[in-house]
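Chemist: Line by line, the protein sequences are chains L and U. One point on numbering: in the numbering used here, the residue at position 72 of the first sequence is 72, and numbering is uninterrupted. One point on numbering: in the numbering used here, the residue at position 111 of the second sequence is 111, and numbering is uninterrupted.
Hints listed in this document are in silico derivations from the structure and should not be mistaken for laboratory results. Note that this is a predicted model, so its numbers are computed, not measured. Misleading hints may appear alongside valid ones.
[Claimed, not checked] DSS-like, lysine-lysine: derived pairs with alpha carbons at most 25 Å apart:
# : chain 1 : residue 1 : chain 2 : residue 2
1 : U       : K251      : L       : K155
2 : L       : K97       : U       : K153
3 : U       : K99       : L       : K71
4 : U       : K123      : U       : K99
5 : U       : K251      : L       : K98
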Amino acid sequence: MESLSNRKKVLEQKPMSFGEKIYLPSIAKGLAITFKHIFKKRETIFYPEELRPMSENWRGLHSLKRDENGKERCTACGLCALACPAEAITMEAAERKKGEENLYREEKYAAVYEINMLRCIFCGLCEEACPKEAIYLDGPFLEADYLRKDFIFGKDKLVEEPLKP
Amino acid sequence: MSERVKVTIDGISIEVDAGTTILNAARLIGGDIVPPAMCYYSKLEGSGGKCRTCLVKVSKGSDKDPRPMPKLIASCRTGVMDGMEVQNITSPEVMEARKGIVEMLLINHPLDCPICDQAGECKLQDLSYEHGSEATRYEFERRTFDKIDIGDKIQLHMTRCILCYRCVYVADQLTDQREHGILGRGDAAEISTYIEKAIDNDFSGNVIDVCPVGALTDKTFRFKNRVWFTKPVDAHCDCDKCSGKVTLWYKGEEVLRVTARKDVNGEVESFICNTCRFERKNTSEWTIEGPRKISHHSVISSNHYELLDPPAVIRKNPALKEANIEEFERVTRHY
Chain L
1 MESLSNRKKV LEQKPMSFGE KIYLPSIAKG LAITFKHIFK KRETIFYPEE
51 LRPMSENWRG LHSLKRDENG KERCTACGLC ALACPAEAIT MEAAERKKGE
101 ENLYREEKYA AVYEINMLRC IFCGLCEEAC PKEAIYLDGP FLEADYLRKD
151 FIFGKDKLVE EPLKP
Chain U
1 MSERVKVTID GISIEVDAGT TILNAARLIG GDIVPPAMCY YSKLEGSGGK
51 CRTCLVKVSK GSDKDPRPMP KLIASCRTGV MDGMEVQNIT SPEVMEARKG
101 IVEMLLINHP LDCPICDQAG ECKLQDLSYE HGSEATRYEF ERRTFDKIDI
151 GDKIQLHMTR CILCYRCVYV ADQLTDQREH GILGRGDAAE ISTYIEKAID
201 NDFSGNVIDV CPVGALTDKT FRFKNRVWFT KPVDAHCDCD KCSGKVTLWY
251 KGEEVLRVTA RKDVNGEVES FICNTCRFER KNTSEWTIEG PRKISHHSVI
301 SSNHYELLDP PAVIRKNPAL KEANIEEFER VTRHY
């Protein structure tokens, strides 16, 4: 039948020449390309030992920040949990006692702060909602794990390392 | 006696009893034209006239004397006259003045809303959100006070107080002996109990409800949770001291706090006693009436979608439902 669009190209198959028939030049050409790549720069990296540079607005795992004196910034105001569209954040507040002034910035602090990383969609709304600049999504990727409970990150994983004296 | 006078507020006319204040006339109309009030409380005699947030412009004094009033006047303290014309949100002058008042109220108010238990139901927060400017121009040290425990159930953060005097009127009018008042004058004024004497009156807990800011807070609820994560439920009980009509604030199965019911103006419907407020925190002690309706402008109703108008396919339509059942049976008859 005649083609309607008339854009069809009919291929002609020519018989192979002698050079093509013995295949050796083609094999040599192919191997040349292969060996050339040994001396080229590698495109892959050794993840997780090596990491690619991330964009400035990359959003990774959360971290709870400390201020310049090493005190926890979070006051458990709950605005991150309110802003969270996936309802991944829960917290419990507690009152700062006498003698804990070097640990917490304000009179209220988060005694429990949990983010369910399976629920989290890494949208960064918690970061935007935070009035105390306490939470930032500046961490690496979320790593794989076996149990669901291990994806609920508590303060032990979220809070930044204390300042070195 | 019940002489009716006509007053026009922002172009809306209403007939009210003579002697009604402009603020109450506006509340009868309702809606956006109601001036905000931080210190006036309709259930407390003598309250009002202190915070100046309810300032309005009277563009026509009355039918007899149509001259406008020379200055903005406090609507909570000014009675209506026949034929009076009042401008509230239609007057740029009023809005500008209100912005200034909010700035004044915020001079000494700390910005500790992330810590404050009142956040989310704070009148000053609402007011400054609507009328305030973003930044403060105040450069000096703000006045600070230590926290004071008024009894073992109420905490006074004097730093947050805006000196509305509502709690003083509660102490004066609801309780039989006056136990707390204002000490000092002007900038040095502060709410205090005389020699920090514990209030042990049955109705003293109402100072928490009348406080428009977080100066007087419930110690039993202190830092327990944020108000917008709790679920308000109306309940009542047989109480021999008060009406027993309250709002329970639930988190899960637990009653975190008990407050009086607040109406559209943020005023309590009826004062409740301390036993209801502080002691009865078990569901078994209450008869539940149903969820409390919270204005959808409030942060408390955020993430609660029951007020949304459902789309036509979800909306209950008995005819459609019946047709669907019939259709389903016809299609699946042969299986």
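Chemist: Determine for every hint whether it applies to the structure shown.
Modeler: Right, here's what the structure says about each hint:
For the hint linking K251 (chain U) to K155 (chain L), the alpha-carbon distance of about 22 Å falls within 25 Å, and the restraint holds. Distance check on the hinted pair: K97 (chain L) and K153 (chain U) sit about 18 Å apart at the alpha-carbon level, within 25 Å; holds. Using a Cα cut-off of 25 Å, the hinted pair K99 (chain U) and K71 (chain L) is violated, with the two alpha carbons roughly 36 Å apart. With a CA separation close to 15 Å, the supplied pair K123 (chain U) and K99 (chain U) stays within the 25 Å bound.
Note on K251 (chain U) and K98 (chain L): the hinted pairing is violated, with a Cα-Cα distance of about 29 Å set against a maximum of 25 Å.
Checked against the numbered hints listed earlier, the structure breaks hints 3 and 5; every other hint is satisfied.
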